[in-house]
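Could you put together the complete structure from these sequences and hints?
Each chain, letter by letter, is given below.
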Amino acid sequence: MNITDILEKLCGAAGVSGAEDDAAKAAAEILRNYTDDVRIDASGCVYGFVGSRDNGKPAVLLEAHIDEIGFIVTHIDEKGFLKVGNCGGTDRRLYAAQSVTVHTESGDIRGVISTLPPHVRKDDKSTMKTEDVCIDIGYTSRESAAKVVSPGDRVTIDTPLAKLNGTRVTAKATDDRAGAAAVLYALELVKGKNIPYNIEILLASQEEVGTRGAAIGAYNVSAKTALATDTSFAYTSDDKHEDCGEMGKGVMIGISPILDRTVTAELKKLAADGKIPFQPEIMGGRTGTDADVISLTKGGIRTGLLSIPIKYMHTPVEVVDTEDILAVSRLMAAFVTGGAENV
Amino acid sequence: MSENSETSRLYDLIGRLSRLCGTSGDEGDVREFIKTQLPADCEVSTDSIGNLIVFRKGSKTPKNKIMFCAHMDEVGFIITDIVSDGRLKFAPVGGISPSVVFGRRVVLKSGRVGVIAAKPIHHLHGDDDDKQPKIEDLSIDIGAADKEEAEKLAERGEYCYFDGAYEEFGEGFIKGKALDDRVGCAIMLMMLNGELPYDTWFVFTVQEEIGTRGAACAAYNVKPDIAVVLETTTACDIPGSEEEKTVCRLGSGVVVSFMDRSTIYDRELYRLGRDAAEKAGVKHQTKSLVAGGNDSGALHKAVGGIRTMALSVPTRYLHSPACVMKKEDTQATLAAARAVIDRLAVL
Chain A
1 MNITDILEKL
11 CGAAGVSGAE
21 DDAAKAAAEI
31 LRNYTDDVRI
41 DASGCVYGFV
51 GSRDNGKPAV
61 LLEAHIDEIG
71 FIVTHIDEKG
81 FLKVGNCGGT
91 DRRLYAAQSV
101 TVHTESGDIR
111 GVISTLPPHV
121 RKDDKSTMKT
131 EDVCIDIGYT
141 SRESAAKVVS
151 PGDRVTIDTP
161 LAKLNGTRVT
171 AKATDDRAGA
181 AAVLYALELV
191 KGKNIPYNIE
201 ILLASQEEVG
211 TRGAAIGAYN
221 VSAKTALATD
231 TSFAYTSDDK
241 HEDCGEMGKG
251 VMIGISPILD
261 RTVTAELKKL
271 AADGKIPFQP
281 EIMGGRTGTD
291 ADVISLTKGG
301 IRTGLLSIPI
311 KYMHTPVEVV
321 DTEDILAVSR
331 LMAAFVTGGA
341 ENV
Chain B
1 MSENSETSRL
11 YDLIGRLSRL
21 CGTSGDEGDV
31 REFIKTQLPA
41 DCEVSTDSIG
51 NLIVFRKGSK
61 TPKNKIMFCA
71 HMDEVGFIIT
81 DIVSDGRLKF
91 APVGGISPSV
101 VFGRRVVLKS
111 GRVGVIAAKP
121 IHHLHGDDDD
131 KQPKIEDLSI
141 DIGAADKEEA
151 EKLAERGEYC
161 YFDGAYEEFG
171 EGFIKGKALD
181 DRVGCAIMLM
191 MLNGELPYDT
201 WFVFTVQEEI
211 GTRGAACAAY
221 NVKPDIAVVL
231 ETTTACDIPG
241 SEEEKTVCRL
251 GSGVVVSFMD
261 RSTIYDRELY
271 RLGRDAAEKA
281 GVKHQTKSLV
291 AGGNDSGALH
301 KAVGGIRTMA
311 LSVPTRYLHS
321 PACVMKKEDT
331 QATLAAARAV
341 IDRLAVL
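Respectively, the protein sequence lines represent chains A and B.
Heads up, the first sequence is in this note's numbering, so the first residue is 1 and it goes up one at a time.
Heads up, the second sequence is in this note's numbering, so the first residue is 1 and it goes up one at a time.
Honestly, the hints are just simulated from the structure, not real lab data.
Do not take every clue at face value.
[Stated by the list, open to error] Part of the chain A face toward chain B, derived, beta carbon under 8 Å: (1) Asp91; (2) Leu94; (3) Val112; (4) His119; (5) Val120; (6) Lys125; (7) Thr130; (8) Asp132; (9) Lys147; (10) Thr159; (11) Lys163; (12) Phe233; (13) Met313; (14) His314.
The beta carbon of each residue, even a glycine, is placed where N, CA and C say it ideally should be.
This is how it looks when you write it as structure tokens:
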């Protein structure tokens, strides 16, 4: 599978925080191309172990989160419309008249976020509040809707992957399926190579609601060194250069007090030596990624952070450049094929 | 045609028409498709503004010249400029709320995919996420790295469309882009391909969404005695709306209008429409609020006055990528359109 195929498969699966099942299964299926040692735990985290558990080699953890933002059904009203809460930071500017998919126990159903027409709306200048969101699923009573939908069902705004110009693509949930794709593709790059480490994979659940899956998952692995990967902001002309990286300019290597200095230095050196395009991402403290909790797990795991520039984060039309994802894969591959001094 | 096969033919047509792209001024693909669906025994012409005018003989010649009318164009966008970061500036073609533009995928006329969004919520300050970005502050990203690259991929003046999948959902509902007014076009095609009791004119108009411009020419070119506009109209039967602002409801049948913001409808025709629907056993309702407008606004004032009525399908989320209708209302509108011909012919 090439990187775009992996990303398309991962983004096409549903996995709102706390209900990562489909995305986790899609990732586990790809992971099984590289190892039989794959499992999904009760919290939705996906684990893989590449190498041998008794060869005495140290392990390096490659991590990304598998969940995506979305909604959770909280109530069915008397006309059959659904009230929802948000799972993660949803963007209120795009709610009106969005086509959505409600993932029910008996399968997926379609809906539209109900929006008032101009003659009723107070103004066109304010965004809709999440508590005012009602999903129109084409049912006409609570009784009939309740036969299909249950409170707790998750809702996604469905935009399957589409190609933009060149190597750029758009899809929902590239935050952080692009990271998961980078991790999986790194395994493709090191396949058949004699490497000095075992590789542990963690695709963590519930990042979007506060890095919860990583707290569980990082405890359950043996690695003392980790490379986390997530998406970060790519510059657009309505944003500030100092807050963003640049799309198409390679992996963003995180530099932050919470990240391990030697791991970070090694990543920069490997990128420069391997002619892997990279750009620094400087943060004054916590990174807002799973790296924050992995680094504090079990008395401390040395953690580096690799980010993929993304435009329009937390919208269903996120944009990433697959060349940037490949740069992350290549840098991860360089790290795990490097000498023992990395660990 | 059996009732079942007629129904499936209707939704097949609506689906195919919904997927076509034809904003005001760019109706060519829709017009060409409609031509392929016309029966052999009709006279077809395209006037200079682009209206497709179809005449078909019926069993009898009517006392009044009757013209049915639906518009081919949909709301969309036009590329106005290409800016330094490779994104495209655009203007709406027709009335589009900025709230249904943000966070959408669009398709350029060339087939190239683009997206509309802006800097992420993480970079908004204070209560900025309370503010809906204006259309003029948004741009289309087609994945071009810079202006030079973008200029090879898109051009100023190129049309651009919502990417709204047509599908059936729920308990007999449909959703898609451009149902306003491809549904009217589909209903006219069903009438044209069925039995006609009287000679009838059918006009598929252009440029409704930018001010009922095609209908003004069509009226002059056909000069009917009576016009029947087949349209969609706003239904606000959704949570958050007050009872008196509901306008009309999905599932309550065809909407026969007495007045909207463009037209005070002929009183006799309004009553005739309701009566014909009632006698034919077709569910009907009227608009409970003076809102919206359609080609009637141009028609009723044209060529010395044309007596005009409007039959509409109640529709939620008009002018968005996901217009929603109930199938039974669409069938009711087709049935009502057929039911009024006999009466109008001899009025």
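For each hint given before, does the structure comply? Return the numbers of the non-compliant ones in rising order. 7, 9
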